[in-house]
Each structure stands twice: as C-alpha cells, then as structure tokens.
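Student: Read top to bottom, the protein sequences are chains A, B and C. Per my numbering, the very first residue in the first sequence carries number 1; after that it's consecutive. Per my numbering, the very first residue in the second sequence carries number 1; after that it's consecutive. Per my numbering, the very first residue in the third sequence carries number 1; after that it's consecutive.
Bear in mind the hints are in silico, worked out from the structure with no lab data behind them. Possibly wrong hints are sitting among the right ones.
With a straight-line cut-off of 30 Å between C-alpha atoms, the simulated DSBU-like cross-links for lysine-lysine are [unchecked claim]:
hint: 1; chain 1: C; residue 1: Lys188; chain 2: B; residue 2: Lys192
hint: 2; chain 1: C; residue 1: Lys294; chain 2: B; residue 2: Lys261
hint: 3; chain 1: C; residue 1: Lys192; chain 2: A; residue 2: Lys261
hint: 4; chain 1: C; residue 1: Lys93; chain 2: B; residue 2: Lys192
hint: 5; chain 1: A; residue 1: Lys192; chain 2: B; residue 2: Lys312
hint: 6; chain 1: B; residue 1: Lys13; chain 2: A; residue 2: Lys188
hint: 7; chain 1: B; residue 1: Lys188; chain 2: C; residue 2: Lys188
hint: 8; chain 1: C; residue 1: Lys188; chain 2: A; residue 2: Lys13
hint: 9; chain 1: B; residue 1: Lys312; chain 2: A; residue 2: Lys188
hint: 10; chain 1: B; residue 1: Lys13; chain 2: A; residue 2: Lys192
hint: 11; chain 1: C; residue 1: Lys294; chain 2: C; residue 2: Lys46
hint: 12; chain 1: A; residue 1: Lys192; chain 2: B; residue 2: Lys192
hint: 13; chain 1: B; residue 1: Lys192; chain 2: C; residue 2: Lys46
hint: 14; chain 1: C; residue 1: Lys46; chain 2: A; residue 2: Lys93
hint: 15; chain 1: A; residue 1: Lys46; chain 2: C; residue 2: Lys294
hint: 16; chain 1: C; residue 1: Lys282; chain 2: C; residue 2: Lys294
hint: 17; chain 1: A; residue 1: Lys46; chain 2: A; residue 2: Lys192
hint: 18; chain 1: A; residue 1: Lys93; chain 2: A; residue 2: Lys46
hint: 19; chain 1: C; residue 1: Lys312; chain 2: B; residue 2: Lys188
hint: 20; chain 1: C; residue 1: Lys312; chain 2: C; residue 2: Lys294
hint: 21; chain 1: B; residue 1: Lys294; chain 2: B; residue 2: Lys282
hint: 22; chain 1: B; residue 1: Lys282; chain 2: B; residue 2: Lys46
hint: 23; chain 1: B; residue 1: Lys294; chain 2: C; residue 2: Lys294
hint: 24; chain 1: A; residue 1: Lys13; chain 2: C; residue 2: Lys192
hint: 25; chain 1: B; residue 1: Lys261; chain 2: B; residue 2: Lys312
hint: 26; chain 1: B; residue 1: Lys294; chain 2: B; residue 2: Lys312
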Amino acid sequence: MRLSEVAALVAGKLENGNQFVEIAGIQDLQAARENEAAFLSNMRLKHQFNDSRAGVVLLGSAMFPDTDRTVIRVDDPYLAFATLQRHFYPEGKSTGSRSEAAFVDPSARLADDVDIAPMAVIGPNVEIGSGSRIGSGCVIEAGAVIGCNCLLHARAVVGGNCILGDRVILQPGAIIGADGFGYAWSGKEHLKIPQVGRVVIEDDVEIGANTCVDRGAIGDTLIERGAKLDNLIQIAHNVRIGACSIMASQVGISGSTLIGKGCQIGGQVGIAGHLNIGDGCKLAAKSGVMSDLKAGGTYGGAPAMPHRQWLKVLALTARLPEIWSSLSREHNRD
Amino acid sequence: MRLSEVAALVAGKLENGNQFVEIAGIQDLQAARENEAAFLSNMRLKHQFNDSRAGVVLLGSAMFPDTDRTVIRVDDPYLAFATLQRHFYPEGKSTGSRSEAAFVDPSARLADDVDIAPMAVIGPNVEIGSGSRIGSGCVIEAGAVIGCNCLLHARAVVGGNCILGDRVILQPGAIIGADGFGYAWSGKEHLKIPQVGRVVIEDDVEIGANTCVDRGAIGDTLIERGAKLDNLIQIAHNVRIGACSIMASQVGISGSTLIGKGCQIGGQVGIAGHLNIGDGCKLAAKSGVMSDLKAGGTYGGAPAMPHRQWLKVLALTARLPEIWSSLSREHNRD
Amino acid sequence: MRLSEVAALVAGKLENGNQFVEIAGIQDLQAARENEAAFLSNMRLKHQFNDSRAGVVLLGSAMFPDTDRTVIRVDDPYLAFATLQRHFYPEGKSTGSRSEAAFVDPSARLADDVDIAPMAVIGPNVEIGSGSRIGSGCVIEAGAVIGCNCLLHARAVVGGNCILGDRVILQPGAIIGADGFGYAWSGKEHLKIPQVGRVVIEDDVEIGANTCVDRGAIGDTLIERGAKLDNLIQIAHNVRIGACSIMASQVGISGSTLIGKGCQIGGQVGIAGHLNIGDGCKLAAKSGVMSDLKAGGTYGGAPAMPHRQWLKVLALTARLPEIWSSLSREHNRD
Numbered sequence: 001m002r003l004s005e006v007a008a009l010v011a012g013k014l015e016n017g018n019q020f021v022e023i024a025g026i027q028d029l030q031a032a033r034e035n036e037a038a039f040l041s042n043m044r045l046k047h048q049f050n051d052s053r054a055g056v057v058l059l060g061s062a063m064f065p066d067t068d069r070t071v072i073r074v075d076d077p078y079l080a081f082a083t084l085q086r087h088f089y090p091e092g093k094s095t096g097s098r099s100e101a102a103f104v105d106p107s108a109r110l111a112d113d114v115d116i117a118p119m120a121v122i123g124p125n126v127e128i129g130s131g132s133r134i135g136s137g138c139v140i141e142a143g144a145v146i147g148c149n150c151l152l153h154a155r156a157v158v159g160g161n162c163i164l165g166d167r168v169i170l171q172p173g174a175i176i177g178a179d180g181f182g183y184a185w186s187g188k189e190h191l192k193i194p195q196v197g198r199v200v201i202e203d204d205v206e207i208g209a210n211t212c213v214d215r216g217a218i219g220d221t222l223i224e225r226g227a228k229l230d231n232l233i234q235i236a237h238n239v240r241i242g243a244c245s246i247m248a249s250q251v252g253i254s255g256s257t258l259i260g261k262g263c264q265i266g267g268q269v270g271i272a273g274h275l276n277i278g279d280g281c282k283l284a285a286k287s288g289v290m291s292d293l294k295a296g297g298t299y300g301g302a303p304a305m306p307h308r309q310w311l312k313v314l315a316l317t318a319r320l321p322e323i324w325s326s327l328s329r330e331h332n333r334d
Numbered sequence: 001m002r003l004s005e006v007a008a009l010v011a012g013k014l015e016n017g018n019q020f021v022e023i024a025g026i027q028d029l030q031a032a033r034e035n036e037a038a039f040l041s042n043m044r045l046k047h048q049f050n051d052s053r054a055g056v057v058l059l060g061s062a063m064f065p066d067t068d069r070t071v072i073r074v075d076d077p078y079l080a081f082a083t084l085q086r087h088f089y090p091e092g093k094s095t096g097s098r099s100e101a102a103f104v105d106p107s108a109r110l111a112d113d114v115d116i117a118p119m120a121v122i123g124p125n126v127e128i129g130s131g132s133r134i135g136s137g138c139v140i141e142a143g144a145v146i147g148c149n150c151l152l153h154a155r156a157v158v159g160g161n162c163i164l165g166d167r168v169i170l171q172p173g174a175i176i177g178a179d180g181f182g183y184a185w186s187g188k189e190h191l192k193i194p195q196v197g198r199v200v201i202e203d204d205v206e207i208g209a210n211t212c213v214d215r216g217a218i219g220d221t222l223i224e225r226g227a228k229l230d231n232l233i234q235i236a237h238n239v240r241i242g243a244c245s246i247m248a249s250q251v252g253i254s255g256s257t258l259i260g261k262g263c264q265i266g267g268q269v270g271i272a273g274h275l276n277i278g279d280g281c282k283l284a285a286k287s288g289v290m291s292d293l294k295a296g297g298t299y300g301g302a303p304a305m306p307h308r309q310w311l312k313v314l315a316l317t318a319r320l321p322e323i324w325s326s327l328s329r330e331h332n333r334d
Numbered sequence: 001m002r003l004s005e006v007a008a009l010v011a012g013k014l015e016n017g018n019q020f021v022e023i024a025g026i027q028d029l030q031a032a033r034e035n036e037a038a039f040l041s042n043m044r045l046k047h048q049f050n051d052s053r054a055g056v057v058l059l060g061s062a063m064f065p066d067t068d069r070t071v072i073r074v075d076d077p078y079l080a081f082a083t084l085q086r087h088f089y090p091e092g093k094s095t096g097s098r099s100e101a102a103f104v105d106p107s108a109r110l111a112d113d114v115d116i117a118p119m120a121v122i123g124p125n126v127e128i129g130s131g132s133r134i135g136s137g138c139v140i141e142a143g144a145v146i147g148c149n150c151l152l153h154a155r156a157v158v159g160g161n162c163i164l165g166d167r168v169i170l171q172p173g174a175i176i177g178a179d180g181f182g183y184a185w186s187g188k189e190h191l192k193i194p195q196v197g198r199v200v201i202e203d204d205v206e207i208g209a210n211t212c213v214d215r216g217a218i219g220d221t222l223i224e225r226g227a228k229l230d231n232l233i234q235i236a237h238n239v240r241i242g243a244c245s246i247m248a249s250q251v252g253i254s255g256s257t258l259i260g261k262g263c264q265i266g267g268q269v270g271i272a273g274h275l276n277i278g279d280g281c282k283l284a285a286k287s288g289v290m291s292d293l294k295a296g297g298t299y300g301g302a303p304a305m306p307h308r309q310w311l312k313v314l315a316l317t318a319r320l321p322e323i324w325s326s327l328s329r330e331h332n333r334d
C-alpha cells in the first residue's frame, strides 16, 4: 500500500514523504520498521516519536509541527490507526463449513453460508442468519435467534429464546441468558423465581470473554446497538444498556438498572439495582453507584459523587494523617 | 386460573374483584394486561400502581387501603409473586434422553431417567441420581457424585470426586472443583501444593454463571444446603458457606473463611482468608472484610465496620473538602 | 513413609519421635490422625497444636521449644508441608490416550504421548509437546503452540497463534487469547480495532479458573515464567506480568501495564493502563492503582499509597465521626 493510498484511506495529509513508498503494515512506535506505519495518540509515548524507525507516523495536526520525518497529519491518529488496521486485517467471512463433529438439531434453521465449528451444539428451532460463524464448543439453546454476520467465539452460550441482532460478537466463554438471580424468602428457604424473560442484543454489540448477561425475570434484558462490554462483566436481569455505551472489565450492574446511551464505565465499577444512569455518563474505575446519576456527568468514588468533588476528597483523604497531626499540635499548643 | 384460585394459592384476600375472572399469567405493573396479574413489592414503583392495566395486583395489606382496583391482599407481595410464577412455570422434568453426541464413560452409574445433552462428558465412576439433567457441553469428572433432580446448565464443570446433593442448580459455565490457589515459596519458585480436597455442595444450592468454587487443599470446601450464589463469584479452597446464605455477583471469599448461616453478602464484596463471619451477617456491596464479624450485624466499607458508623464516615468523607475549607478559613481568621 | 524419611525429605530434625514410625499422609492439625503428619505455619492456628492427634507435626525451630510431642523442626513449615504433599501426590503423567470423541485437525502435530480428552477441539496447525494433557472440552485454535508437560483442565481455551511454554497449567474455563478491548470512536460508532497480537505464556505459569488473558492489539501479551494467577482475573491486551509474580482472584490489569517480577497482588485489585509496577511490589486487596509504583514497595488503598500511610488513613477515616463531634464541640465551646 503506497503512502498516497494510506493518506487517502485515513483522510490525512502526507508530509516529508514519497507518495510511492510502500507500507506493509502498522505497528507501535517502538516496534515499527522502515516499511511499516506507526501512530502517536497517547501523549505518554511522545518520547518514542524521534527514535522510531517507522516509515511513516500518523500524527495529530499540532504535534511536532517542525518535524522532518515522514508523517501523515490526521484529526484523530487513533481512529486513523484503527482504519488502517481494519484495512490490513479485514474481517473474516463465513464459508458455509459445517463440522461433522458438531450437533445441529434437525429443526434448526441455518442460512446456507453459516459456519459451525466442532463440538458446537445448535438446539431445536434455533435460527441463524447469513454469514454468521459459530465457534467450537458454542451452545445455542432452543429457540434462540442469531442474526447475520455474527461471530461467536469458542464456547459462547446463547440461552433459550434469546435474540442476537446482526454483526454481534461474543468473545469466548460469554454467557447470554443464564437465569437472573431472583428468590423470595418463604420463611425457611429461598424460593427460586422462574426467570422467564429473554436477553435481547441489538446490532453491532460486542460481549467480552466470560461475561454474563442474565435473562430477564419477566420482561427482557436489553443491550442496545453498538454497546461494547469487556470481559468478566455481570449484567443482571432486566438491565438495559443504552446504545454505544462501553464498559471495562469486571463491572457489575444490578437488576433492572437502566444505563443511558453513550456511557463510559470504568473497570470494577458496581451499580446498584433499579437505578437510572443518564446518557453520556462517565464513571471512574471502581466507582460504586447507589443512586440515580444525571446525564452527561463524570463521577467517581463509592458512593459515586461528581468527579471534581471526588478528586478533592481523595486528596484530602490521603492527607488525613498530616492534617490530623497538625490539628493535634495546634490543640496542644492551645 | 380464576381470581379465586389465585387468591387461594397465595393465601391472600381478593378485594373489588370477580372471583370467576381468568388470569393467564403474571407481569410487572407496567407491562401487565387485563388478563394478567401484577405485584407491587418495591415501593419505588408505587407510582405505577394507578396506571397499570393489570387485571389484579398482589398488594401488601397496608398499601392503597382505599383503592377500588381489583387487588389481592397478601402479607408479602414478592413471595406471592414467586408462588404464582412457580405455578405458571413449573420446573422441567428429566425424560431420560441421552444424546448420542455426548460421551459417557462405561463405568459411570446413571439413574434411568437422567438426561444427558449433546457434547456432555461423563467421566469414569461418576454417579448421577434420578431426575437430574446434564446440559450441553458439561464436564463431570471422574468419581464425582451428583444427587437427584439436579439441573446442570450448559458447560458447567464438576471436578473429580466432588459431591452435589439433591436439587442443586449450576448455571452455565459454573466451575466446581478447580484447584485451590496454594503455593509455597522455595526460594526460587512457587511450588504448587497438590489440592486434594473436594467440593461438597448440599441440597437446594444454586451456583451462578461462571462462578468458581475451588476444591479444598486438604479437607473439603463446603456449600451448605439452600445457599444461593450469583454469577462470577470466587470461593477459595476450604471455605464453608452456611445454610441459606446468599451472595450477589463478583463476591470473592478467600481461603478457609467460614461464612455463617443466613448471611446476605452484596456484590463485589471481598473477604480475607481464615475469618469467621457470624450467622445472619449482612454486608453492603463492595465491602472489604479483614477481621471476624459478629453474628447478626450489618456492615459496610473497606475495611468493614458497623453499617451506621460506615454511613456517618461516608457522609463526612464526602464533606471533607467543605470541612477543610471551613477549618482553613477559621485558622486564617485566627 | 518412615519418620526418618519424612525428616530427610523436608531437611528437618526429628524430635521426641521413633524414626521407624510410619506416616501415611498429611492433614491439618485438627483432622490429622496418629498415622498422619500435620504442620503449623499459620500462627492463628497455634492453639490447635496441643490438641492435635497428628503422629508428627512439622514445626518452626522456635515454636513450642519445650514440647514433648513428636515434631520435625524445619525452617519453613509451609514449604515442608508442600514438599511432603507433593511426595504423597505426585503429578499425573500423560499416557498418550486419545479420545475418539475429540476432534483433532489432521494438520495438528501432537507428540505421541499427548492425552486428548473427549470433546476437545484441536485446530489446524496446532503443536503440542510431549507429556501434555488436554482436558475435556478444551479448544485449541489454529496455529497455537503448547509446550511439554502442560496440563489443560476442562474447557480451557487457547486462541489462535498463542504460545504456551512447558509445564503450564490452565485451570478449567481459562481463556487465553480472546480479543483485547480496543475501539476507536468514529463519531457515530465504536470501530473495532483488529487484535492481531498473541498471548505468550512462559514455563511454569498457572492460570486460574475462568481467568481471561487477552491477546495483544499489535504486539503480544506476556506472562513470564513462574507467574501464578488465581481465578476470574482479567489481563488486558499487551500487559506484561513479570516472572514469579502472583495474584489473587478477581484482579484486573488494564492494557499495556507492566507488572514487575516477584510482585504479590491481593484480590480484587485494579490497575489502570500504561503503568509500570516495579519488581517485588506488594498490593493489598482491593487496591486501585492509578500511577506507577516503585519497586519493592508495599501499597494499599484506591488510589494506592504506601501501606503505612494507608493504614493511618484507614484508622483516621473510621474515626471521622468521632473527630468531627469533638471538633464541633470545641467550636461551639469557643
């Protein structure tokens, strides 16, 4: 791929370079070789720019304005990296291969080009749309519906009657549609409440490895289009995750909580049940949310508070020993 | 099901209704239609009562005393809901179906009516009691014993020699009997200590999706009857969980800790090793427990403290910036 | 095994005992019988020493100096216990058994003595070295390389092109090589960045049940030799874990963070991305790390601070209500 083509693909401007030079791939600044592109988006890695052997660097317009290196100026170097990487590694396609070592119930309806890997189990009345690929050891239970061009990695589970839209990705071990956690205390035992809702996952959602999304108790648990969930996350029954929200690993969302659209939730955050988290909220890692949060806010701490207040609280908390000594000294002086 | 039958089933009193009206199912207040029941147990949803189209609402005796809606008065609406839902969705039964796509070791002893789904693996000398159902892709290792009427969902693992009582439910991906985490430092490497104990799970226990219960290092890890564990929980070697204790997702219990009976443990709680948590303790979400806790107490925070003290600490911590400004002002005035 | 042989194996000194007495195994102090050894390493269990029926107790040189019980004096009783337990329970060996209920791609290259359990899937061009054992339902994807004498428990996953050294243990459900969590915001959606790096796991590493180690975005994620990871841990893309580091369950390490050698990381710790944690760091359970940490330090809290400071902060935080009352009283008196 020529430099001129790279620049066109990422809508950038080539500086100090020969447009006919060929680029074979993309790497990080430290590892890139002369025939590879690199990118600089994390300012912590700025010092690597000068030493990099990369043939070209994707760079923001204001960075190193006087450099004589070959660079391509772009608005968002990380997005440019993503675009280029997606060009070099296009998504796989299904081939219609069906392993004889899989089990497919005769009542399942699969598009002709669906791939089924060894040891997968496709239950009764399952429907799978065109272009979808079902990985080794996956279990798709009775009546589940999987859209087109989905990619289910090894050992993912889709429970009975759950619905996946198009282009949904399940990483290995993801579990969609386990029972929600619901009991009523009878006076001598916890009576299990049948969990009869479904999980509905809209288009372009990705679910991380070993993440669990429980089915609704009565109605459905819903993950709206474009949401991205990392590994080892717990989504309880009847939660709704808004479109394009993104959450880091080990987050836990309790039952019936509504997360707005475009939220960003850090790792190990916990959110109590029956809450309303507004659109576009940002939550720092390890936050604990015990009440509704207004749209557009940034929060931290447990219980969560506005981020600025939280930073002040953290600073003062760390200084408590010093403050206390000073107060004690003053008191004694009095 | 007639209203009179519903009232009888939940031991409630029908008000303002025709006992011959038929009810087809149960829903939440917002979704319920004229031929469905609903219930009101969470007071946060009180405002939905008047607008609900439900044919009947299961209601506590003191709520909306003057309503002219059709209601059934009960002591505990949530328990009544559970009872009714269990009536409409009775538990499944095994049918004795054995998938030819499963692997059953010839030395395994299975009751005639046990179900084995595709891709399940039943190892040597395993015993499985009457009425139990083994889901797709489950692995039951050598010498494990599973009682009667158990339900193992897809891809659950029961390790060698582990014991499950009757009516145990394993959600998908649950792992019973992985090795405990035990090493001794030799001066140059971590020497693995063989983990030779078992996991023993008593009757009526439910274990959540992708939850891990490790086998004992020497003796056993024990989950007593009626305990309920949510998803993604870690139970380390030689822990004992008391009868009817219940814990929310992503809790972690370190080695050899004893949890009493009837405890309630919130999400993402961590408990250190070799501790004693008394019967009936309640722990707020995200608590971190570093010492023994007395029976019957309610605790929060990390390290955990009595709940009242914790609430005061939280309130003051959030006010630290304000308190500090006021102290500084005073000091400067002096 | 005679007492004299036990003493020789653990490099200890037999006191008050007959060297010809036979020992059949090892137990904890409370459960041990006359023909069994026990050990005392956790001083919290000191009170169990006198009542134990154990035939011999492995004991530190300074403990109970005047006891007339049969003891073997050793430098490190826990290490002695490990050594003895490893003697009584030697590691299993592969036998070359290949289940007909497994799927092995014809292009895979397996040493003759490799064991393959039922329902395992071995993909194209996989290599597995001598003595390795692949458990039931494991999935080894295309091009992965597994060294010698590895033990993969039930349902572990090794993703495409990932590398395992020798004597690596994967507990059940461990997932090596899921996609890292990387997206670029296009202005209207999260564009997935292809994750094209690998996971490289060196010799003698153990990975816990349902733990996830993601593949690198471009370069590799690396777990150095002898590191031990407990259950339900999240290791993000391009993380490096130093040799012999050990981490308890439910830890989460964000992308590109480097953990030094010989670190000890407590349960539920979270570490932000792109950080440098120096060699030999110790982190208290539930710590949250938001900046680089110097080698050799002990830290706690969120955000993490030196352990001594943290203990003072905790003590003062718990006393805030009392301090506040006292300040208010003083103020009013003024």
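Student: If you check each hint against the structure, which ones fail?
Tutor: 1, 2, 5, 7, 9, 11, 12, 14, 17, 18, 19 and 23
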